[in-house]
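Generate the whole structure from the sequences, applying the supplied hints.
Taken in sequence, the protein lines are chains A and B. Sequential numbering from 4 applies to the first sequence in my numbering. Sequential numbering from 78 applies to the second sequence in my numbering.
Hint data in this document are derived by calculation from the structure and do not stem from the laboratory. Keep in mind that a hint or two might mislead.
Each pair of labels, with its calculated beta carbon distance range [said to hold, decoys possible]:
| hint | chain 1 | residue 1 | chain 2 | residue 2 | range |
| --- | --- | --- | --- | --- | --- |
| 1 | A | Pro121 | B | Ala187 | 23 to 31 angstroms |
| 2 | B | Val223 | A | Glu149 | 25 to 33 angstroms |
| 3 | A | Val28 | B | Glu91 | 16 to 24 angstroms |
| 4 | B | Glu91 | A | Val17 | 22 to 30 angstroms |
| 5 | A | Val154 | B | Ala197 | 36 to 44 angstroms |
With the Cβ distance kept under 10 angstroms, some of the chain A side facing chain B (calculated, not the full set) [as the list claims (entries may be wrong)]:
| hint | residue |
| --- | --- |
| 6 | Ala21 |
| 7 | Ala38 |
| 8 | Phe41 |
| 9 | Glu90 |
| 10 | Gln109 |
| 11 | Val110 |
| 12 | Ala310 |
Reference listing, derived: stretches of chain B covered by chain A, where coverage requires no fewer than 3 residues with Cβ under 8 angstroms from a Cβ of chain A [stated by the list, open to error]:
| hint | region |
| --- | --- |
| 13 | 96–109 |
| 14 | 115–129 |
| 15 | 146–156 |
| 16 | 171–178 |
| 17 | 182–192 |
| 18 | 195–201 |
Glycine residues also receive a C-beta, built at the ideal position from the N, C-alpha and C atoms.
Read off the chains here:
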Amino acid sequence: MTSSATPKLRAYVVLAAAGLLAALVLGRPELAALAAPFAASLALGIGLARRPELRVRYDLDRERALQGERVQASIEIESDVALQPVELLLRLPAGLASGSRALALQVRAGERERIEIPLDCKRWGGYSVGDFQLRARDRFGLRVYEQRLDVRRPLRVYPHEETLRSLLAPAETQATAGNEVARAKGDGIEFADIRPFVPGDRVRRINWRSSARRPGLWVNESHPERNTDVILFLDSFAEARHGASGTLDLAVRAAGALAARYLRRSDRVGLVSFGGVLRWLEPSMGSVQLYRIVDALLDTDIALSYAWKGADVIPPRTLPPQALVIGLTPLLDDRSVGALLDLRARGFDLAIVDVSPLPFLPPERDRLARLARRVWALRREVLRHEYQQLGVAVAEWRDGEPLEQAIEEVRRFRRSARAVRA
Amino acid sequence: MLAVDAWLLSARWEGTIAGTAAVGLGVLAVSLVLRFSPGVPVGLVCLAGSYAAALESRGVDVDLSTTLYAALFFLTAELAYWSLELSPGVQPAPGAAQRRVLFLALGALAALTLAGLVLAAALEPLPRNLLVQGLGVAGALVALGVIAVLVRRSEPC
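Here is the structure:
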């Protein structure tokens, strides 16, 4: 704990010295009487001052919270000497807010003082909270003691989950069992077709009604239930932001919701955070994978980078063959636009949710700005059209609209694209 | 109140005394508004200087009303530094203001008593010879020395 003299101590020294010297020079005892209280205050204050030993306990009432919730931070301070109000300044990371960042509390000698600070979780993310600056004065206010306390505790703030009733069905399924009805024929529940009986077919699969009307025996064919591999491609190169919300927040929210829904139906889900820092999670299934994905999403941030990155920097094991790649991107950076086109060229089943940056843009001030905005919007339209010409479904998703709407738009495009292909 | 007291007490140099007191008040007020702590002792020294000039202008032996002035002067200094200590934006501790007011009242009472004791000591008839004068000077210098040593000891370790 560092200790330093307050301006009051210096001023009292000046006043006491000036008063006593003036009393001597002018021969006026009244001036000594004026200086006496200051001299006595100094003597008492400095003589009785002791460097305080502070013991601080700090805790959060929970380590996980949802965006918009309130977390209570509690601080207990114990001192061996009485202190004038101890000022407590809490340095909060951006994304967390408190009504009052600086608080004062009276600390008596040997007694434990407790204070609660409510923290509002404004934005999702992984935080570590507990960087304090303590400042205390002695009883006479002559010395100030300062200490920086770094007693951080982790706090993970999860984004709101989007409600999704339907999901995108991939073009191809994987070999292992799941909940997705495969397009291929095999052992399953969903009826697909009938075919002539061949040796080795089970008797229970014979369709007796069809066999009665046709020569020979006919058996039922069905679609097997298989799982799918879904890769969530999160573009973290650039974002459009206005205040507390931005396109990355929306993309993270969507990624969390999609991951949870796909994992719930026994699919394997992987994550590629494609940006200044490349992060990836190989596809896997189960609730552990959901925790991994959510934790990875919380660490996602926009890292400024000028280095060119293409799809070839993504580890091949992260992108299994026949996987459905869902791109969550504001289509603002050429690198992610190029990487997605590259993935499509490599034959991946690609769908794009275009997290629209339009709601986060400042209003146009003049005609030129309006014109520039129109040109920019047209270029985005052209880009979406290019994707669609390659058979990639692109749906725009704006802040305030349900994700379900964008997913449904992608589904509709994929259905019609398949019909055209067929 | 301190400035008016100095002005009322003056028998000569009223303009100078009133001017010095007004400058002291002004400097003090501006320092408090701007939260400029080095200005506070300047304002207080100006106020005390006007009072000293007023005492000198009257030329009476010992003014006993100084005890009250000393208590008020000390209270003014304490209040000024209290207002500077209150950091803007800091949520105050519950009951802190009441405790501080009590502390200030006790401090003013102690200042009144101490100033009274000093003046009482000054009223004691002592032979005005060189030895007594020397003892007085030595006493004042020792007091200043003790303060200086204490302040030096309390510098950051």
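message: Given a hint of 23 to 31 angstroms, does the C-beta separation of A:Pro121 and B:Ala187 actually sit inside it?
response: violated, 41 angstroms
field: Hint status (Cβ of A:Val110 to nearest Cβ of chain B, threshold 10 angstroms)
entry: holds, 9 angstroms
query: Taking the least C-beta to C-beta distance, is A:Phe41 closer than 10 angstroms to chain B?
result: Since the shortest Cβ distance to chain B is 7 angstroms, the answer is holds.
Within 8 angstroms of chain A (C-beta), three or more residues of the region 195–201 of chain B: With 4 residues close enough to chain A, the hint holds.
- request: Just tell me: holds or violated, for the beta carbon distance of A:Val154 and B:Ala197 against 36 to 44 angstroms?
  value: Because 55 angstroms falls outside the window, the suggested range is violated.
task: Against chain B, run the beta carbon of A:Ala310 and see if the smallest gap drops under 10 angstroms.
output: violated, 42 angstroms
query: Are 3 or more residues of the region 146–156 of chain B near chain A, judged by a Cβ distance of less than 8 angstroms?
result: Satisfied; 6 residues make the cut.
- prompt: Could one say that the CB atoms of A:Val28 and B:Glu91 fall in the range 16 to 24 angstroms?
  reply: holds, 23 angstroms
query: Going by Cβ atoms only, is A:Gln109 closer than 10 angstroms to chain B?
result: Holds. Min distance 4 angstroms.
task: So, A:Ala21 near chain B? Judge it on the closest CB pair being under 10 angstroms.
output: holds, 6 angstroms
query: Would you say the region 182–192 of chain B counts as covered by chain A, given the rule of at least 3 residues with C-beta under 8 angstroms?
result: Answer holds; 5 residues pass the 8 angstroms Cβ test.
field: Supplied contact hint for A:Ala38, tested at 10 angstroms Cβ to chain B
entry: holds, 9 angstroms
The earlier numbered hints that this structure contradicts are 1, 5, 12, 13.
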